[in-house]
Amino acid sequence: MCWSVKQTKITVLLLLFCSVLCTHAQVCNRCVEMPDSGFISYRLEGEPAHRLFLQEDTLRVKVKGMGLFPPYTLFYVIAQDGCLRRIGMPNAEQTATKGIDIDLPISASLDGKYLKRISDSEIRISGDNRPYFSAQTVKGILNGMDLLWIYDGTMVRDSAVFGKLNKIIKDNVENVQIKILYGKQAYCQYGIAGINGAIIIETKVASRGQNH
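The sequence shown lines up with residues -25 to -1, 1 to 187 when you count with mature numbering (1 follows the signal peptide of the UniProt record, and there is no 0).
It should be emphasised that the hints constitute simulated quantities derived from the structure, not laboratory data.
We put the beta carbon where it would ideally sit given N, CA and C, even for glycine.
Here are the simulated SDA-like pairs of lysine to any residue, each with C-alpha atoms no more than 20 Å apart in a straight line: (1) Lys159 x Ile116; (2) Lys39 x Leu19; (3) Lys91 x Arg105; (4) Lys159 x Ala24; (5) Lys159 x Ile175; (6) Lys159 x Pro80.
Have a look at the derived ranges for each label pair, beta carbon to beta carbon: (7) Val52 x Gly102: 16 to 22 Å; (8) Lys145 x Asp56: 52 to 58 Å; (9) Pro23 x Gln160: 16 to 22 Å; (10) Met130 x Ser94: 21 to 27 Å; (11) Thr33 x Ile143: 44 to 50 Å; (12) Lys39 x Gln164: 20 to 26 Å; (13) Gly138 x Ile93: 37 to 43 Å; (14) Met64 x Met41: 19 to 25 Å.
Assemble the whole structure, with the sequences as input and the hints as a guide.
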């Protein structure tokens, strides 16, 4: 990553602030919100965030908007092929009416691939055997947070800890090491908990203690 140390720490402080707000909002609205649905995976380079919704013979892919590009949805027909399910081409009629270019990274990663349901919370897409996990399961593991936060080797699950981290980073900039992992790298290191990325914060005092 080409960011400077200062830029990285400013970014982390902003993420900390957003995480606290999001966690409190989720707690306040938990009784009125519908549970998260669909399946999510780690993002590949150049690929927008997206979510799969699987029905008996249809796969719906909701793609998040980026900048000037609005969100859109792709529709696929799924055909049973032995114990696997084959993903067809995007439904051209539904796609054309929305003015969506189907020649997209998302489409390339799904067209003609095979889908296998591992469990109620996991499906796999053939090719590189890419995993997709239930968004609700991921949210439960992360305790409602969007990213995995690791502080001195321990997963942060309490929003109250974010206030402490914010103070530590601001008051002890020179004694804090921050590492940000994205995509497949975060997933390979932390499993399903790292599916959306991971931020690892470590105090140098803790690092010295671990080295001994």
